Amino acid sequence: MRIINRFAVLFILLLISSCSEQGNGVDFNKRSVSVIIAAEPPTLSTVGPVSSIGIFFQGHIFEGLLRYDENNKLSGGVAEKWEITPEGATFHLRKNAKWSDGRVVTAHDFIYAWRLGASPENEYNFITFPMKNASKIAEGKLTSDKLGVTAVDDFTLKVDFEAPCAYFPALTTFTTYMPIRQDSFEKWGADKYAVDPEKMFYNGPFVLTEWKHGVSLKMTKNNYYWDKEKIWLNEINVPAITDQSTTRFNMFISKDVCMVNLEDSNSLKSALKRRLETPMKSFSSGFISYLEFNNREGRPTANKNLRKAISLVINRSDIVNKVLGIPGYKPGSTMFPSWLGGYEKLLHEEYDFNLPLESLSEAQKYLALAKEELGMEEITLTYLYSGGPSTDGMAVYIQEQLMNKLGIKVNLDKQIFKIRIAKSLSGEFDFLGGGWGPDYNDPMTFGDLLASWNQNNRGKFKNEKYDALVVQANNSVDQKERMDCFYEMHKILHEEVPVFPIFESGGIYLADPRLKGFFRNIIGSDPQLTYARIEEDE
Amino acid sequence: MAEKVLDIQNLKVEFDTHGGIVQAVRGVSYSVEKGKTLAVVGESGCGKSVTVQSIMGLIPKPPGRVTQGKALLNGVDLLSLSDKESRQYRGRDIGMIFQDAMSSLNPTMTVGEQIAETLQIHKGMSKQDALKKAVNLLDLTRIPEAHKRIKQYPFEFSGGMLQRAMIAMSIACKPQVLIADEPTTALDVTVQDQVLELMKDLQREEGMAIILITHDLGVVAKMADDVAVMYAGEIVESGTVDEVFYKSAHPYTLGLKSAMPSMERNSHTGLVSIDGTPPDLFNPPQGCAYTARCPAAMKLCRSRKVEIFSSESGHRSQCWLHHKEAPVSVTAPINRFSGAEV
Amino acid sequence: MSKYVFKRLLSGFFTVFFIATVTFFGMHAIPGDPLSSDKVMSEASKEALNKKYGFDKPLYEQYFIFLKNTAQGDFGMSFTKKGQDVNDIIKQGFSESAKLGVLAILFAAFGGILWGALTAKYRNKWPDYLIMIFVILGISVPSFVFASFAQLFIVFLNQELNLVFPYRGDGSFVSLLVPALVLGLGTMAFLTRLMRSSLLEVINSDFVRTAKAKGLNSWQIFKSHELRNSILPVITILGPAIASITTGSFVIETIFTIPGLGKQFVEGVQQNDYTLIMGTTVFYGSFLVLMVLVVDIVYGFVDPRIKVGESK
Ligand SMILES: Nc1ncnc2c1ncn2[C@@H]1O[C@H](COP(=O)(O)OP(=O)(O)OP(=O)(O)O)[C@@H](O)[C@H]1O
Ligand SMILES: [Mg+2]
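Protein chains in written order, with the numbering used here: chain G, 1 to 538; chain U, 1 to 342; chain A, 1 to 312.
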């Protein structure tokens, strides 16, 4: 009995002592917000491995030549003015842009960073390819000082293009284009630079003040930021790191974070059940998911009629609505997702991407043709994929559809991510579940994926007309002409079916209603909290 | 007559089993006097152990249950006490030793601690004092190098040594009654003698009463003052050793005796060689339980509940043959008692 | 005794060496490497990075480099967590996992013994049935279900009662209680069952009858006779259980946001982080070997019949 009493006292003491701070998802008085991230960024170096979670931080602590402003419009960042011609671009840097130690940001900081960015050691060096000599530097054929970028003076940066690049100004907001402080980078070395708050300098609206590895991070307002008047927030906290959607949801419910994505149907259901006052909003991740067919010789999927037959029996909206049931996903009929901008409005508003699909009975005809051409009676295919329960569901659905409607047997080859990548590169598949996310805000980020020279073209699709269109769009600065090219590319893909787009992923999210002025971005930092503010409680 | 230290009266014990209710003890009465030894003999399964275990509160409940009877320890009925009250008597006023000393001692506790434990709970001794006393007790039971031995574990002891340690444990609190349930069955003949000798000596010194359960009539002859013969959950004959051995009154006792090749000590023949098997205790016969195996059985034996006859000296036997109207000729050596007593 | 310990340590060393070797070559045999990512690198990039990390060397050479570094107690730098030493990652992760794990083991051991004792004492009565239902649940339901449920429950309680009980690891001791309970649940259930059957055997043993005959009450009997004798099988499985629980559980750690070793290990495997995989594997292997040895020694203390080092 006495023991039980003692336990009770202990427990109550624990309860009392456990009154840790909670509910600081948004804090008006401290001007702070908290968000949760799924994984720890591998590094915050802008020339290290690129990750979307890294970009979230980099988008707050660094600023490129251009930035997205409080209206999410492209505008001047470190550069006040810029001119672009088919041959190149010139950026005029503002003189009051400073690093977090008060030093002025100069053109040399960009040149230093971009040379690193173009070097073979940077896996993302392809993003620098619009600049003259970049691809040769990436291949190791030229040294990086031959990169087509020069400092006319400390505040004037001149870029020479390899080929005309209409979207270059937008590209300068990408993480690889952020400036780097040479002294800091050299002091710590490539591996240790930017892995702790004191191992880098910042020129963005925020500085990283805390990074407990695996636990939490914190950004606070940068007092040296040239446009700090526009920044209302003092603090952005990342109190925890987890990819468990239920935990993240619980953190939102407990008001410990200001925002949460409802990534699975369970958290959506429980959100609905709780009748939260918070309105649900949707966001797009920008990703397109597709089946990619192996066009390598000897693979049955190299046969166009077989690919067409398969494409006709898979119902995208069934997969999205019945199999996956993940809120925010949209059936996708094209490799050019609906959020992409066109020459004036959205690409999908300017062109019709819903080309009619042929009827289901056609599938049998294509199959018969394919069998004849291949000289095969029975067709067995291997489907390579990775992921969780939802991708399992999709795999089984595809397996069933192909068996029931076409009599094609599908072997499922489920692998962890890295192995799937390795197998897809070596061509050990007939078709695979793939996906692609954008690197910059232009249809080309999807368009050149299936160019025959692109390493990421896992199915080795090769179509001369398509390749020519990619080149044409690359070399043009006329946006209308370029968009026409992309639409033509879409039609070729529709006809040849090297890939079969299934859905555009996205999601539903909840945000504290007091939080205003933030953006959910497809390109760049997501969420973008730079201009966020909190409304005062009633 | 000397005072009865422990007096068991009309004890009935049953067990619930899957096959039904086993009536293991069916109205047993016996008593033991101060400084005396009562031997309880009988075939395997006749209820000897259950009788003593039930007065010690050792039968598992359920499935076991005492349905009737008293067990008076100096006039206090142990069976009517609460578990908490009766615990005080156990180990203090009644000590008990078991057949297999090795399994009856805790393998993970030193012998000394196990002896000391009794003293600690009943005498309120500190562990240190109790351990010192344990050394004395081991000395008393003639275990050499007792101070070393108390630190050892049971597996480091020989069988006879263990039984002595067991005795030391059971007499630690100077009990008035010592119950020994086949204490020597598992031992070598020579060791057996030593242990029995020890018990006798201790009895002489401490003046305790002993209930000795055994199969061995030789042991009975050597140790006992009184004998109770048990059959199928009942006492069929009881009296002094002389009365029961030399003036056996019950056919079963005669059977037991004749089943033994000789009355020599050291003979270890079990009591299994009487023809036939004991009755089914799920459904005991209406009349005398021994009828089926009894050479002198009469019609009456089968149907009518048998009464107990006793002589003036207190020699008692449960057999119709003692009835004055019973035919004399049936068997020769039966003692005839004068009156019936129920 | 010390000779015995030395012998065991030596054989443990070879065990770990074997595990490390198999893991090393197995890991390299799997397609993909730490550098592969969703978007393909150019050949030149790949070459440059392979050279930088020494992947261009023949495998046996990489293996000897690994052995040499490991012998010096250095597992190298993580590939995916830039600038972090694997040693530091293990140290940090293990200190978190161990805190959680020790608590979980305490819950599991005490709970298992307590519930096991109750079920044995009340065997075939309702407490027995009730507890055994929970035991079956505890064994068959995966821990992430309990974890999610427990967290949801706390969040719900907090909201309804306006409490602030921590529903995830925030570094405080209290916040570890529920995760530890959930983490220990499976082991607790298993131990309960083990304890029950082992205690049932002991309860019916002769020496317990002797103890009763001495006049001990049931608590005294349990404490000094039944417990020690029935606990032996529990101790046997406790060694591996301690090793596996204190080195972390990925699921519990991600759900309750505890930065432990289990999470690091799984992430390492997912991302082919060679150095991290090798570091955690060698660490876990050594720890397991050590715990089993410790348990064997403890066993010798609990059961005097077993003499550590002499039995064979
Ligand atoms: N726990 C129990 N459950 C059911 N029946 C029992 C139980 N304990 C004893 N019995 C029954 O009670 C009867 C008497 O058993 P007991 O142990 O007293 O015999 P015994 O005379 O001591 O025999 P032995 O000489 O073999 O020791 C037996 O028939 C036995 O089956
Ligand atoms: Mg017996």
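A portion of the hints provided could be inaccurate.
[To be verified] Under 7 Å between C-beta atoms, here's a sample of chain G residues computed to sit facing chain A: (1) PRO120; (2) GLU121; (3) VAL195; (4) GLY214; (5) THR246; (6) SER254; (7) ASP392; (8) ALA395; (9) LYS423; (10) ASN456; (11) ASN457.
No lab work stands behind these hints, which were simulated from the structure alone.
Since the model is a prediction, treat every value here as computed from it, not as a measurement.
Even glycine gets a Cβ: it sits at the ideal position worked out from N, Cα and C.
Going down the list of hints, with the structure as the test:
Proximity of G/PRO120 to chain A holds as hinted, the smallest CB-CB distance being about 4 Å (cut-off 7 Å). A hinted interface residue such as G/GLU121 counts as satisfied when its beta carbon comes closer than 7 Å to some beta carbon of chain A; here the least separation is about 5 Å, so the hint holds. Of the supplied interface hints, the one on G/VAL195 holds, with its beta-carbon coming within about 3 Å of a beta-carbon of chain A, less than 7 Å. Given the 7 Å rule on beta carbons, the hint for G/GLY214 holds: about 4 Å separates it from the nearest Cβ of chain A.
Taken as an interface hint, G/THR246 checks out: its beta carbon lies about 5 Å from the nearest beta carbon of chain A, inside 7 Å. Using the Cβ-Cβ criterion of 7 Å, the hint placing G/SER254 at the interface with chain A is satisfied: the shortest such distance is roughly 6 Å. Of the supplied interface hints, the one on G/ASP392 is violated, with its beta-carbon coming no nearer than about 17 Å to a beta-carbon of chain A, more than 7 Å. Proximity of G/ALA395 to chain A is violated relative to the hint, the smallest CB-CB distance being about 19 Å (cut-off 7 Å).
Interface restraint check: G/LYS423 against chain A, minimum CB-CB distance 6 Å, threshold 7 Å, status holds. With a least beta-carbon distance of about 5 Å to chain A, the hint placing G/ASN456 at the interface is held under the 7 Å criterion. The interface hint given for G/ASN457 is broken, as the beta carbon of that residue sits about 9 Å from the closest beta carbon of chain A, more than 7 Å.
Hint compliance for this structure: hints 7, 8, 11 are broken, all remaining hints hold.
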